[in-house]
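These are the residues of each chain, in order.
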Amino acid sequence: MSADASDLSLVRRVQRGDKGAFDALVLKYQHKLVKLVMRYVRNPAEAEDIAQEAFIKAYRALPQFRGDSAFYTWLYRIAINTAKNAVVSRDRSPVEYDLDRNNNDESYDMQGRMKDSETPEGLVLTDEIRSTVNAAIDALPEDLRTAIVLRELEGLSYEEIAAAMDCPVGTVRSRIFRAREAIDRRLREVFEGGLGRAEELG
Amino acid sequence: MNEELDSQLSAMFDDELLPAECELLARRLSRDEYLKARWGRYAIVGAVIRAERGVRLNAPLAGRVNAVLLAEPALAAHTAPRDRSRAPLRWWRPLAGAAVAAGVATVSILWLRTQAPLPGAPLVTQLAAPGQTTLPTAGQGDSYVVPRPRPAAVMVPSTELANYVVAHSVFSSPVARRNLLSAFMTSESATAGTEEPQSDVKAIAQ
Chain A
1 MSADASDLSL VRRVQRGDKG AFDALVLKYQ HKLVKLVMRY VRNPAEAEDI
51 AQEAFIKAYR ALPQFRGDSA FYTWLYRIAI NTAKNAVVSR DRSPVEYDLD
101 RNNNDESYDM QGRMKDSETP EGLVLTDEIR STVNAAIDAL PEDLRTAIVL
151 RELEGLSYEE IAAAMDCPVG TVRSRIFRAR EAIDRRLREV FEGGLGRAEE
201 LG
Chain B
1001 MNEELDSQLS AMFDDELLPA ECELLARRLS RDEYLKARWG RYAIVGAVIR
1051 AERGVRLNAP LAGRVNAVLL AEPALAAHTA PRDRSRAPLR WWRPLAGAAV
1101 AAGVATVSIL WLRTQAPLPG APLVTQLAAP GQTTLPTAGQ GDSYVVPRPR
1151 PAAVMVPSTE LANYVVAHSV FSSPVARRNL LSAFMTSESA TAGTEEPQSD
1201 VKAIAQ
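Here the protein sequences come in this chain order: A and B.
For reference, each letter of the first sequence is one residue, going 1 to 202 in my numbering.
For reference, each letter of the second sequence is one residue, going 1001 to 1206 in my numbering.
Hints may contain errors.
Claimed, not checked - Selected chain A positions facing chain B (in silico; Cβ < 8 Å):
| no. | residue |
| --- | --- |
| 1 | S9 |
| 2 | D18 |
| 3 | K19 |
| 4 | A24 |
| 5 | L27 |
| 6 | Q30 |
| 7 | E46 |
| 8 | E48 |
| 9 | I56 |
| 10 | P63 |
| 11 | I80 |
| 12 | L125 |
| 13 | D138 |
Stated by the list, open to error - The calculated DSBU-like cross-link candidates involving lysine-lysine, where the alpha carbons are at most 35 Å apart (straight line), are:
| no. | chain 1 | residue 1 | chain 2 | residue 2 |
| --- | --- | --- | --- | --- |
| 14 | B | K1036 | A | K32 |
| 15 | A | K19 | A | K84 |
| 16 | B | K1036 | A | K57 |
Claimed, not checked - Now the stretches of chain B that chain A is said to cover, found in silico as 3 or more residues with beta-carbon under 8 Å:
| no. | segment |
| --- | --- |
| 17 | 1003-1016 |
| 18 | 1026-1032 |
| 19 | 1052-1065 |
| 20 | 1097-1109 |
In case anyone wonders, no lab produced these hints; they're calculated from the structure.
Ideal Cβ positions, reconstructed from N, Cα and C, are used throughout, including at glycine.
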């Protein structure tokens, strides 16, 4: 089993002109990238803008990607550089709310929060997604919960999880899949309900 | 939907699928919206378990990136001209090699010409040239000649080298070939005129 084979197969497809494969890469890494960028900028909306820019830069630079490093490592570097540049250019440009920040910290915080809450229904949905996923994880049988948590939280490989849980690798794969299935079933309900609620809120 | 396919998707998300299977599934994933949506939800599950604070789980980021990329040309369009530019390079490679070989041969020949003797100059140093010191020995016919220090060694292109050049003349230019051969002929004729038999040398020494 070669590491990063999954990403590499998608990357090769993008390099051959398949934009849909890049969409899959964005879906996979968007949350990680936003979280990474938020080390440099506090505002989630700004972090998303920077992450978007990083993805587009990565897409344009993909013809030069040879696969010497893992795709995410490469993407990670692009995102870090994009975030640093964004912070530098923001610091150079005049900031209108600096005076407000000095005079009234509360108003500055409100501005940040206002950006977050540009889509109130989005925040509601995010909270609901979180609580649904957490509830679904809690409801999982012990072996499924352990497998998915070791994978997603600890980042262990299937082989390492198999060693930790004293079971075959095939069983680990099956447990993780079944855990995801159970969570995904609940998640789909939220997404379907969430979209309807968003229209009501709008 | 096929459970085996979903199981493969889950394994692929974790980079735990065989590369050959990845290739096939990647192709399907890039086109199948159902699989892509499921793939995206797998990412959400991971983000929630890792408690990625500040991340909006329903962020329209993927859609925004997708919208921007719609206006971009596909990458294959970028890479195609590069491939085309490589083709002539491959065609020129043997010619470039031949040109380098010819250059090396020319330099070698020019170097040999500089080492060849000037017309009229002796090719072989006389062992007992006039003015050399002869050490007399008591009552013996044998004598020893101490040669004077020679200014420089004279190199004559060997017959083997000339034969080699002639045999491989197809790889050298006619001018270079003619230069080498003329140098060789000159040196041969000069050598023939100046060489002395060994018996004569002994006679001089005595």
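Right, here's what the structure says about each hint:
no.	hint	result
1	S9	holds (4 Å)
2	D18	holds (5 Å)
3	K19	holds (6 Å)
4	A24	holds (5 Å)
5	L27	holds (4 Å)
6	Q30	holds (5 Å)
7	E46	violated (11 Å)
8	E48	holds (5 Å)
9	I56	holds (6 Å)
10	P63	holds (5 Å)
11	I80	violated (17 Å)
12	L125	holds (5 Å)
13	D138	violated (12 Å)
14	B:K1036 - A:K32	holds (17 Å)
15	A:K19 - A:K84	holds (27 Å)
16	B:K1036 - A:K57	holds (22 Å)
17	1003-1016	holds (count 9)
18	1026-1032	holds (count 5)
19	1052-1065	holds (count 12)
20	1097-1109	violated (count 0)
Checked against the numbered hints given earlier, this structure breaks hints 7, 11, 13, 20; the rest are met.
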